[in-house]
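Chemist: So the protein lines, in turn, are chains W and H.
Counting in this note's numbering, the first sequence runs from 8 upward without gaps.
Counting in this note's numbering, the second sequence runs from 247 upward without gaps.
Derived by calculation from the structure, the hints in this document are not laboratory data.
Just so you know, not all the hints are guaranteed correct.
[Said to hold, decoys possible] Computed far set for chain H versus chain W, every beta-carbon distance over 12 Å:
id : residue
1  : Thr254
2  : Thr326
3  : Thr348
4  : Lys353
5  : Asp378
6  : Asp453
[Unchecked claim] Heads up, simulated DSS-like pairs for lysine-lysine below, C-alpha to C-alpha not over 30 Å straight-line:
id : chain 1 : residue 1 : chain 2 : residue 2
7  : W       : Lys145    : H       : Lys532
8  : W       : Lys275    : W       : Lys327
9  : H       : Lys353    : W       : Lys327
Just so you know, even glycine gets a beta-carbon here, dropped at the ideal spot from N, CA and C.
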Amino acid sequence: MTSRFREQMEEALFPPFVALLVALIFGDLLILSYGQSPASVYRLLLEGTWGNAYGFGQVLYKATTLAFTGLAVSLGIRAGLFNVGAESQLAAGGFLAALVGLGLSPAVPGVIGVPLCMLAAALGGGIVGAIPAFLRVKFGAHEVIVTIMLNFVVLAFLNWIIANHLHVPETLHTPEIHNGAIPRLSQFIPAFHGSAANLTILIALLAAAGVWFLLFRTRRGYELRAVGLQPDAAEYGGVSVGGVWFRALTLSGAIAGLGGINYVLGYKHYYEDQFAGGSGFLGIAVALVGRNHPIGVILAALFFATLSQGGLAIHAFVPKQMVEVLQGVVIIAVAMSVPEVRRALRQARRPASA
Amino acid sequence: MNPISFLTQMLRISVPYLFAASGGVIAERAGIISLALEGFMLTGAFSATLGAYYSGSPWIGVLCGILGGLVFGMIHAVATIRYRADQVVVGIAINLLAVGVTRFFLKLAFASSSNSPRINGFPAKLSAHGFDNPLLWMGLLVAPVLAFVLYRTRFGLRARAVGEHPDAAESVGIPVARVRYAAVALSGMLAALGGVYLALDQHQFTDQMTAGRGFIAVAAVIFGRWDPLRAALACLLFAAAETLQIQLQGNHIIPSQFVEMIPYVLTIVALAGVVGKATPPAALGKTEH
């Protein structure tokens, strides 16, 4: 193990551990405020998530969506762009996947139908990502604000389509898709019966591997990271910063959009208004805790999915809202400790004579 | 449509925006990105409800609401100023935290996951239009007062200096961090007042009752180009659109979803610089100075 590698690992791993400790302390306080014993509530949380097949299946399902949005946000950050729009990109992706799934005849074989729906999902998210990308590159409009504002615009627009043109009466969802359904894990592993986990998880892992390959094994990825670290230097080095930014944010949107298939093709088989339900925003937390590395993103997605499913497991004793507080605490704690840890490690590494 | 009822409804709708947007302006002019307005408002609404419920007095509610905003503002300030955490991340996290905290304590205090019991607002003795609500008047006055503070006082000058050129400010002896702490704390308290107004006006706290108003205020800050009076005008404009939509309901001229989009679309257009470019304070969001 080279010392450079060790340094990088330390810098990457310390903040999440600090955050976990802080979150545990806050969790203790919240549990005590409800007059319960922290140890037994935490045990319940673990038993309800990793302790049985159904709970674990739900964790995998929730982690799948979060992996997509986390990868999307982290790809943007690697290029120096903050994509706060994963929420609406996810929704737009799910929506277009459902549209194609509704339009395709059931006679079309699934090996054609599923990829077409997936392509539509990526396209939907990609379009929503391309708008702030274009405005940033062409007009210098800050992508943070544009993506936030676009979230509201896109979600209101989708709500209008569903509410006025495409819903099953008395609901806010579309009819069931005719084609493009992705099988659930319980078809292969009966123990998962009842949980929403489906084969989309494999696509999430492939997406993570793809992002890793792009970032660390291709010229484009090298340029992307160079732009993220030092845009001016990259520009002098002959890289078109605008081009990199446009491609990165569009691809980021496409990855978030692809996440929409987990719910639409894998779980409910229809698009429902508000199905994203905060998974896009949580993607920011996942990218942050996962330190913008695909492997870290997968682990962080599992962590946040465990928290969210665990909230349901403990609800009889402590309100599930506790985990929402802890999510916020973890994000702030990681955001606070990243610069601090970096500074502390740099100082510790300085030779004693200096 | 009755112009008087239109105007009064517009003013009442604009009050939470006016408070929150003023909070956004002061923080951003001092160089701290302000995406937590929604969270500050929600915390303000909830702590005001707690105060008003247990004391029976709306004024205690106002005080508690301000205090709630101050606490969350200080969390934001410590994280972004002392620890130099990413301001966008912290802002978003504060919003998540506010939703979680208010829900958890709603459950703890009132054993409900949707709303609090009824609380006392300000008594409406004179008219049904809400004009005897002191918060309404404060809301209408906050922007001109902030404009005075920002452009005519020492604190305002210092806040603008640390937002534009923190290095230069520091070299002439301005305590950059302290000015920013004050600006963000003030931002939390002002935005919280927007939430306080909502809770007292509706006589209760309901889960996520701010419903995105904090982000409309963010839009107003940018559309108003970081100037208190322009931002206030933007708030009035957005409130007018909302009022129009409410009063025209049933006419189906424009679907409500498209009216909801107006503030956001206008802000994107303003940022892209199609009509007069919106340029943020120079040091906005820079963690190192």
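Chemist: So if I understand the rule, the pair passes when the alpha-carbon distance is 30 Å or less; does lysine 145 of chain W with lysine 532 of chain H pass?
Modeler: holds (23 Å)
Chemist: At 12 Å, judged by beta carbons, does lysine 353 of chain H keep clear of chain W as stated?
Modeler: It is violated; lysine 353 of chain H is separated from chain W by about 4 Å at its closest Cβ, not greater than 12 Å.
Chemist: Taking only the CA atoms, is the gap from lysine 353 of chain H to lysine 327 of chain W under or equal to 30 Å?
Modeler: holds (10 Å)
Chemist: So threonine 326 of chain H supposedly isn't at the interface. Is its beta-carbon more than 12 Å from every beta-carbon in chain W?
Modeler: The claim is violated: threonine 326 of chain H sits with its nearest Cβ about 9 Å from chain W, within 12 Å.
Chemist: Straight-line Cα separation of lysine 275 of chain W and lysine 327 of chain W no greater than 30 Å?
Modeler: holds (24 Å)
Chemist: Was aspartate 378 of chain H rightly flagged as not at the interface, with every chain W Cβ beyond 12 Å?
Modeler: holds (34 Å)
Chemist: Is the nearest Cβ of chain W still more than 12 Å from the Cβ of threonine 254 of chain H?
Modeler: holds (27 Å)
Chemist: May I ask you to check that threonine 348 of chain H keeps its beta-carbon over 12 Å from the closest beta-carbon of chain W?
Modeler: Violated, because the least Cβ-Cβ distance between threonine 348 of chain H and chain W comes to about 9 Å, which does not exceed 12 Å.
Chemist: Does the no-contact call for aspartate 453 of chain H survive, Cβ to all of chain W over 12 Å?
Modeler: Check fails; 10 Å does not lie beyond 12 Å.
Violation of the numbered hints given earlier is confined to hints 2, 3, 4, 6; the remaining hints are satisfied by the structure.
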